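Here's the letter readout for the chains.
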Amino acid sequence: MQRHHTRAATILSTLFMGLGQIYNRQFIKGFIFLIVEALSLTYFIQKLGRAFWGIVTLGTTSQHFEKVKGIAKLVKGDHSIFILIQSLITIIFFLLFLLAWYMNIRDARKTGAARDAGHTPGTFKQSIRYILDYKFAQTFLILPSVGILLFTVMPIIFMVMLAFTNYSAPNHMPPAKLVDWVGFETFRSLLVLKSWSQTFYGVLTWTIIWAILSTVTTYLGGMLVAMLVSQQGIRFKGVWRAILIVPYAIPQMISLLLMRNLFNGQFGPINQYLKVFGLDGLPWLTDPFWAKVTVIVVNMWVGIPVSMLLIMGVLTTIPRDMYEAAEVDGANSYQKFRIITLPMVLFSTAPTLIAQFAGNINNFNAIFLLTAGNPPNGDYQYAGSTDLLVTWLYKLTLDQNKYNMASAVGIIIFLIVASFSLYNYRRTKSFQEEDMIQ
Amino acid sequence: MSGVNIKRTIRLGLSYLTLLILSVAALYPAIWILLSSLRPGKSLYSKTLIPETFTLEHFRALFYDPTLLFPTWWLNTLKIASCSMLLGVFLTLLTSYAVSRFRFKTRKTTMSGLLVLGMFPGFMSMIAIYLLLKEFDLLDTHMALIMVYAAGAPLGGTLIAKGFLDTIPRSLDEAARIDGASNFGIFWRVILPLSRPMITYMALTQFVGPWVDFIFARLILRTKDKWTVAVGMWDMVNTNQNTNFTTFAAGAVLISIPIMILFAFLQKLLVEGLTAGASKG
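Each protein sequence line maps, in turn, to chains A and B. Counting from 1, position 278 in the first sequence corresponds to residue 542 in my numbering; the numbering is continuous, with no gaps. Counting from 1, position 80 in the second sequence corresponds to residue 611 in my numbering; the numbering is continuous, with no gaps.
These aren't lab readings, by the way, just hints derived from the structure by calculation. Hints may be right or wrong, so weigh each one.
What the hints assert, rightly or not - Below, simulated DSBU-like cross-link-like pairs (lysine-lysine); rule was C-alpha separation at most 30 Å, straight line:
1. Lys311(A) <-> Lys340(A)
2. Lys538(B) <-> Lys600(A)
3. Lys573(B) <-> Lys441(A)
4. Lys573(B) <-> Lys389(A)
5. Lys665(B) <-> Lys311(A)
6. Lys636(B) <-> Lys399(A)
7. Lys573(B) <-> Lys757(B)
Said to hold, decoys possible - So, partial list: chain A residues that the calculated Cβ filter (under 7 Å) puts toward chain B:
8. Leu492
9. Gly497
10. Val654
Note that the structure is a prediction, hence the values are computed from the model and not measured. Ideal Cβ positions, reconstructed from N, Cα and C, are used throughout, including at glycine.
From just these sequences and the hints, can you work out the full model?
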């Protein structure tokens with residue numbers, strides 16, 4: 265008789281959610297679980313079979329004409345993509361249901377065990393208190409998790425799935441045509457097939473060059489400006505800082521669209537001014553090389569203020585006596601910079617630096633709003649000379665409807681960026697030794 | 532004057548000169564767009580930087596030109612940005628409070644997960660979100676945009692906010708707990724009031740983000756009178772290349788000035804926010 269309640273409650277809850285709780289005399293909780301299971305069952309009986317069918321086949325009837333009494337009539341086929349997304353939603357709900365079911369069994373088992381040990385099961389009020397006192401963090405996280413699940417995780421799973429299909433124009437676009445699973449075919453084309461791989465490696469190389477150059481230029485530029493402003497003897501530090509921060513405060517969308525017009529080769533003011541001085545204008549945005557130079561320069565204009573703010577903050581934390589000690593030892597300004605300032609600043613900002621690098625790989629705005637990836641490149645598939653992987657992905661998606669290829673590119677970007685950030689984050693103190701702050 | 536003093540004067544002089552040049556470079560585009568918005572005509576280029584005559588016609592056009600709908604866009608954006616700010620800040624506070632104050636089994640996984648998911652290129656999920664919204668019949672609604680922005684907020688903000696919450700001493704929570712406060716009471720009456728700088732920072736970034744975003748806005752909002760300012764402005768220079776430039780400039784001024792004022796007031800907070808995410812030394 266010793267473990268009688270535990271086993272009975274477990275079995276009952278396994279059979280039907282809530283039965284175990286009712287058996288344990290937790291009626292309100294039990295009924296809530298009962299209702300949840302009843303509603304879920306009606307939903308899944310209708311949907312689950314079709315969901316599995318859909319995710320395996322992606323639809324079987326293609327759109328076609330059928331002769332009905334001598335008149336050709338359009339028969340609507342399966343829309344593979346809608347089938348895929350509906351199936352995905354149903355399966356995610358089903359997994360959530362399984363999770364709830366598991367928790368219901370665990371709960372019944374625990375209460376049963378408590379009864380076996382001679383305790384009376386808690387009332388509904390006590391259950392609520394328990395959740396608020398001991399499971400508070402998890403309760404707090406439910407609402408954000410639902411949002412993230414729906415608008416981030418679900419889309420990610422969906423996109424990863426797309427990379428393994430042939431969903432692309434012109435041959436596999438629903439509703440006219442069906443989409444099929446093709447395994448790693450898309451990745452193979454991207455990495456090996458010459459027509460795609462040439463573009464991929466070209467764009468990838470430029471993306472990395474861009475990420476390095478744009479990070480380094482804004483960082484060094486920011487350091488230079490910060491040191492210039494905070495050196496001894498400069499007056500009105502606040503005013504200089506306020507002026508130099510202006511580019512950061514203008515919305516990027518505005519400043520980049522504006523820069524595109526300023527650098528316009530034909531009627532852009534910059535070339536017009538050069539002409540006034542008798543110089544020929546430069547093909548800022550139309551020549552592949554100069555376009556790359558222009559995006560780096562404009563990005564410096566946008567990015568230096570942020571680095572400047574950051575580094576100014578660090579500079580104030582370096583103790584003055586370190587410099588004084590160095591002066592006593594006869595160090596000149598350059599030596600003081602190299603031995604004290606640079607290491608201190610680098611040490612404090614290293615995580616930010618890596619984060620900026622990762623961010624620049626994904627810097628959609630800087631390229632899209634300024635050059636839109638142009639000038640065009642004849643050797644590339646749907647990409648221009650300044651396109652980053654992300655903007656290429658955008659073009660593949662919105663302009664070319666090569667969804668499978670875009671998803672594959674996206675997965676690759678994600679792997680690069682995420683590994684950087686995770687590595688970076690796991691090394692920071694706020695992750696490792698956070699309890700030491702207290 | 533001794534040699535040291537001469538060297539010092541030269542150094543300072545050169546520094547001031549450099550700062551002056553940098554300041555011109557920093558301010559030039561801003562001044563240029565401001566002056567363009569006041570210049571008569573539609574052209575991008577003028578021989579003189581300062582226009583010979585000033586006009587407010589472009590600002591007037593923004594509000595009265597029936598093809599522009601600028602006031603509608605502006606109100607739409609205000610609504611979307613405010614709602615997603617409120618919701619987004621709320622969600623971010625929930626997650627950051629949970630991971631900062633409670634020790635539960637999946638805590639580190641939650642944090643790494645948030646970080647990694649935040650790295651995902653947004654447009655990659657674009658098609659999926661588009662289809663999802665279509666499925667729920669939410670396309671071309673402001674509601675959809677608010678949901679997308681707010682749901683994404685904890686991804687970007689949690690770790691920064693957590694860094695801030697970690698600096699609030701635990702002893703305060705414990706004192707409140709001894710006084711009988713519940714978890715929710717502590718959150719509401721101890722944590723929230725003390726995190727005001729953090730909340731301001733989050734609110735600002737959550738407000739400005741939707742205010743200037745056009746990628747999602749352009750995808751989801753289909754009819755012109757539902758557009759946000761960003762979509763409208765982008766359309767203004769993208770479809771009618773250069774014909775509308777001075778009006779664009781006027782719109783840019785109207786959008787930028789409030790944001791610049793906000794930034795000026797919150798400069799110190801911004802620096803703290805920028806550095807809070809990274810751990811110091």
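Hints, one by one, checked against the model:
1. Lys311(A) <-> Lys340(A): It holds: about 21 Å lies between the C-alpha atoms, which stays within 30 Å.
2. Lys538(B) <-> Lys600(A): holds (17 Å)
3. Lys573(B) <-> Lys441(A): violated (48 Å)
4. Lys573(B) <-> Lys389(A): violated (70 Å)
5. Lys665(B) <-> Lys311(A): holds (19 Å)
6. Lys636(B) <-> Lys399(A): holds (11 Å)
7. Lys573(B) <-> Lys757(B): This hinted pair holds, its Cα atoms lying about 26 Å apart.
8. Leu492: Constraint on Leu492(A) satisfied, holds at 6 Å.
9. Gly497: holds (5 Å)
10. Val654: Holds - the Cβ of Val654(A) comes within 7 Å of chain B, reaching about 5 Å at its closest.
When the structure is compared with the earlier hints, violations turn up for hints 3, 4 and for no others.
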